[in-house]
Amino acid sequence: MSLASDDRSAEGRGGLNRPPLQATASQTAGPYWHLIDFPEWADLLRSNGPNAAIAGERITLLGTVTDGDGAPCPDAMVEIWQADPEGRYDGDFHGFGRCATDQAGRFRFLTLKPGAVRAEGNAFQAPHVVVSLFARGLLKQLVTRLYFAGEPLNEQDPVLSAVPPDRRGTLIARPEGDGAWRLDMRLQGEGEMVFLEI
Amino acid sequence: MSYRLPAPETQPPYDAPDYGSTHKRHPKQPLIRIAQTLSETSAPRMRPSLYETTHNLAKGPGWEAQGERITVAGRVLDEDGRPVPGAMVEVWQANAAGRYNHERDQHDAPLDPNFKGEGRIFTDAEGWYRYTTIRPGAYPWRNHHNAWRPVHIHYSLFGAGFAQRLITQMYFPGDPLLPLDPIFNCVPDPAARQRLVAAFDLEVTEPEYALGYRFDIVLRGRDATPMENPA
Ligand SMILES: [Fe+3]
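Taken in order, these protein sequences are the chains called A and B.
Start counting the first sequence at 1; every next residue gets the next number (the working numbering).
Start counting the second sequence at 1; every next residue gets the next number (the working numbering).
This is chain B alone, in the form it adopts within the complex (with noise of 0.2 Å):
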């Protein structure tokens, strides 16, 4: 068994001109390609009882988060449409001022006390997970004159191989900055970008609580059985 690479132009390149910071930091030698080995379709069993899980990240005992609330839900998925169950999902992101809860974050934008911005859920057997929050701010960053970046909740997921490992941002409908973001734009085929922008979703909101967005993720699937199509 090993997993399928991703169709090349769903994926963004190492070297992206109008992202400086890959300027510096991509390899200018081609990578290498490998036979997957038990080293890459094996994972570390990721499971709450080593790795606490948080599941509304807008509000705990005697604190809440200053900002409109959100819930998001999603399945993960590998490419053949099965569902990976036991995923571990981290997200994290800006508060609603667009400020990080970050020590280098030096946006002039009010912290909140109340917000970490960081939470862990694991998928169910169905490949369900959902979590509750606030909606991220906008923020400036130095990459290119009057950059900023579209509201986003970043994303890292544990499949059932270290070779699904996956991190991502998940992006929000109508938002006027997209067209304009570096990172979200290095994605080459449009289709793929457009499947890191959540929907809204009525069924996920929560009635005189929390407006639902769907996001569901694909990670990488396993190869077809060898010699489906024999010469």
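Chain A on its own, in the form it takes in the complex (with noise of 0.2 Å):
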């Protein structure tokens, strides 16, 4: 608990003023928590859901998690939060869903597509979708984005910007026809996808 270690103080986030608390220790998801499980929640457009009645481009996000060896964790918890079709987080879409990904490592979505997001300024954010994932052997989450291949405002979006060019693509999907787009998430190794510190 010592604070003068703090290393990021410099930056302005925490170190010489720590606050009184220090937030809860993160453990494992485990490889049980389809308990908490309700498949339907990855369908943000369902019938009976909160955005059955919003209009926007409907499309599927779908991909795989795979891990060092190349192999599907079929255990993992995908979750997404985005923007509305507006690129909007206080309008009446609900922009969150949760997928488990199947015994193939498969995990599949249907939502709307993003809009472009306000960022500092009068600038924008590319369309995107937050991504977290939680696992058996991840003891926090791992937490990416999901851009959509083709769109301009790519080219100059803050959190791509910060990416080596040679790496962004892990975080760019790919248009597979029926509005369906496809990143693969690798864990480890070749391919392996940038997680980002938030």
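Incorrect hints may have been included.
What the hints assert, rightly or not - Straight line, CA to CA, 25 Å or less: simulated DMTMM-like cross-link-like pairs of lysine to aspartate or glutamate:
#, chain 1, residue 1, chain 2, residue 2
1, B, K116, A, E40
2, B, K24, A, E197
3, A, K113, A, E176
Read the hints as simulated data drawn from the structure, not as lab findings.
Please dock the two separately framed chains into a single complex, following the hints provided.
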């Protein structure tokens, strides 16, 4: 609990001004988190759900989660958080979804394509979806983003710009037709996905 | 506004050699640090009208789980001690015999047809949550020879910003398995580890009904106002 050892004080994120309490430690979701899996949550457009009446471009987000051997992770929890088609987080659209990977490591969400989100000043972030991964073997979540190939704003997006060009592709979903976008997520090794510290 | 990074020693690493499952699943490249945007500081508005609540995992109409009833209560706060109202708290756990109601749990302990082991609660205006369940059992896992998980309840929390999202585990005081558990011991700071252990609480205890435990949870706080200490 030594406050002096915090090396981020220079960046204004604590250190000299450690708060009175400290955030609770993360622990793994483990292999049995499916007790809180409700498969309908992966369909943000479900007919009895909060977004049934909201208009926009219907899309499918799909892909696989694989480990350092390239083997599927069949017990991962994938969560998404995204803006509405206008790029807003404060409207009626409920942009949250959760999906369990299947035996082949696959996930699949049905949602509306998010709009560009306001950034600093008058700038915009490219349309994107925030992704969190939880699983056995992950003591805390891995956070990343899904972008859409071909969006002009990708070129100036502040997060994509922070990623070395040769790894940017790991964050960019490719169209597969019929509104489907694929982003495979490799946790480790060749083609390892970029994960973010937020 | 953005959320402060937790002190590093209070959080577990991704690569923890004593916990075998981290071996092939931790990224080898360093994380890329980004400035938080609206996408990280906003969060889904979880509410009981969208996500049904369950305050009692131990008993329902026409059924009652086997085991020692307990009530768990606590507050969800941020690092500045401010309550987090309306936070969605999901809990899940093994039954009294240490078996999950889960098809992949092969532990040879009895299933309880009256125990599902999952609940959802929202914090009130002062950040309080409370639920009743049964004390889970310890269970073996195959991480190393004779490995047993200490008694625990899994927690999942949503705060006011997606950067506050937290999944953790609550442990029980005096559990002899705690010093042996690689998952608990992955948290480097002993004080941070200890904060994962609930306290027996006579105030929470319900006479003639359930033993009480207190477990508070702290989510990441907001950055201090800039220029507080101008150089
Ligand atoms: Fe467990």
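Starting from the hint list further up, note which numbers the structure goes against and sort them upward. As far as the earlier hints go, not one is violated by this structure.
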